[in-house]
Amino acid sequence: MEISHDDARQSLEEIQSLMSRTRRAISYGTTGPIIAIWGVAWILGYLSTFTLILNHRGAWINWAWMIFLSTAGLLSWLLGRKSPFKSPIEKRIGIFWGLIFLFAYMWLALMWPFDHYQAGIFVATIPMFAYVVMGLWLEENYLVWLGLAVSGLLVLGYFLLRGNPYMWLWMAVFGGGSLTGVGLYISKSWRR
Amino acid sequence: MAEIDSLIHQPVRLQIMAILVALPALDKVDFTYLRDTLEVTDGNLGAHLLKLEEAGYIAVEKVFVARKPHTYIAATTKGRAAFEDHVVALEAILSKPLKNHA
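Note that the protein sequences, when read in sequence, are chains A and B.
Just so we're aligned, residue 1 is where the first sequence starts under the working numbering, counting upward by one.
Just so we're aligned, residue 1001 is where the second sequence starts under the working numbering, counting upward by one.
So here's chain B without its partners, still in its complex pose (with noise of 0.2 Å):
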């Protein structure tokens, strides 16, 4: 059965996630455009993505283009498989009766 992946259920790392896991296999993300959607510091970012990456669920890829750095973000196929059964938890969550609490 699926469960909640605590280091992906953290608001920042969620979105972060979701962006990843809509790219097509293998395509990846600069990380400006995550920085910009997801409208946090680059430090915010950086140790979020650290995290990330650290758990096997991103890769990240510095390059150089035209003399300027540029990193590059994408879901690993673990991170995509972890993100999938973290979706599958949420959903499982919903799928159940709610708790009368009067």
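If we strip away everything but chain A, and leave its shape as in the complex, we get (with noise of 0.2 Å):
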């Protein structure tokens, strides 16, 4: 089969060019609204905490997160369903999960008394752990990075502000925040 100069370059110019828009799709496509979902259920989550504590009505706050964070697994549930790629990995990446959640009310349980302030920075880290694992073991650079900056921000606004109702809305600002800022961008600029 002859094939020209010319349509040799062209076909290798439309192979790279599928090939890393699959590789951004496999990477970002439905990674992205799922961090942004996350983050939005933290900025919920926070503002609740806050709002209520502030109100004296600081036995609303479990229900409140409970209503925000289950709306944030079935929605990412739906996600990861109607994502068009399928892997045998997934099943491993929902028992990591799992395992993570698993471990940390153990620890939480072992740890026992701590104050609010103490669970709060431990609970909102645990994920961000989560994340930079599956960024390390999925070759997911952006996801450890995330898992960092997020885990900075939470433990320096838990130095900053700890034992002072404001450290929740830090939680929201530079938690939930940074999650949806980085999950909506990453949604909108994959297919680039």
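These are computed hints drawn from the structure, not numbers from a lab.
One or more of the hints may lead you astray.
Straight-line alpha carbon distances no greater than 25 Å define the calculated PhoX-like cross-link-like pairs of lysine-lysine that follow [as the list claims (entries may be wrong)]:
| # | chain 1 | residue 1 | chain 2 | residue 2 |
| --- | --- | --- | --- | --- |
| 1 | B | Lys1062 | A | Lys91 |
| 2 | B | Lys1078 | A | Lys86 |
| 3 | B | Lys1051 | B | Lys1078 |
| 4 | A | Lys86 | B | Lys1068 |
| 5 | B | Lys1051 | A | Lys91 |
The task is to assemble the complex, starting from two chains supplied on their own in separate frames and drawing on the hints.
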């Protein structure tokens, strides 16, 4: 089969373009919206915590979190199901997340007693730690940097504002806000 | 020496293989993603997939997800090797000096 120089160049360019587009779609296509969903859940959860504490309605905090987190979990699951890519690694990722939260729960039980601020920062940095591990595991460097950066911001807020309800506002802005911003940015930019 | 694979070189099939080979081994992609990305009709895509499947370059799996039929496609080891050979052959053409037609 005879192929001209131009035809070969054009074919190789097309192959390159499609392969990199597919790799971007795998890396960011579903992950971006899922990160944004969890960011919004964090914003709503921490804003509710902040507002409920200021209004002396702390008993409602757990309920508020339960609603936001279960909604985010359900939406993430639905988005994951809608992904056009299927990989045998998905089951292992699901098991990994389940185990991470199982261990977090165990550590919380072992470390009891602690105050709300310690519990808050602990629970918030656990998924960020999971992002770092997933980034290293799946060779997605942006997840490593996202996990490290958000953890750094959260810990900074903890040391600056521990014992002050404004720490929850910090967590909403720098934790939830960062996740939402990065998630939206990834969702919009991966197609370029 | 790697040779041009005429089955793969057809434009739509070349694009299909490029997408499938970009997936990690054992991963698969939904039929609708291929159709929408390549902007082809169901029938056209189906015909090209059949040719690639007959050559053993791809594996097609039909499953039901929430009672809806879904078709997933993956590149086989043979398909990945054939595609790599094809790319090497294209690169070899590019590495040759251009003939002067003047």
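Here's how the hints hold up against the structure:
no.: 1; hint: B/Lys1062 <-> A/Lys91; verdict: holds (20 Å)
no.: 2; hint: B/Lys1078 <-> A/Lys86; verdict: holds (20 Å)
no.: 3; hint: B/Lys1051 <-> B/Lys1078; verdict: holds (14 Å)
no.: 4; hint: A/Lys86 <-> B/Lys1068; verdict: holds (16 Å)
no.: 5; hint: B/Lys1051 <-> A/Lys91; verdict: violated (32 Å)
The structure fails to meet hint 5 from the earlier list, while all remaining hints are met.
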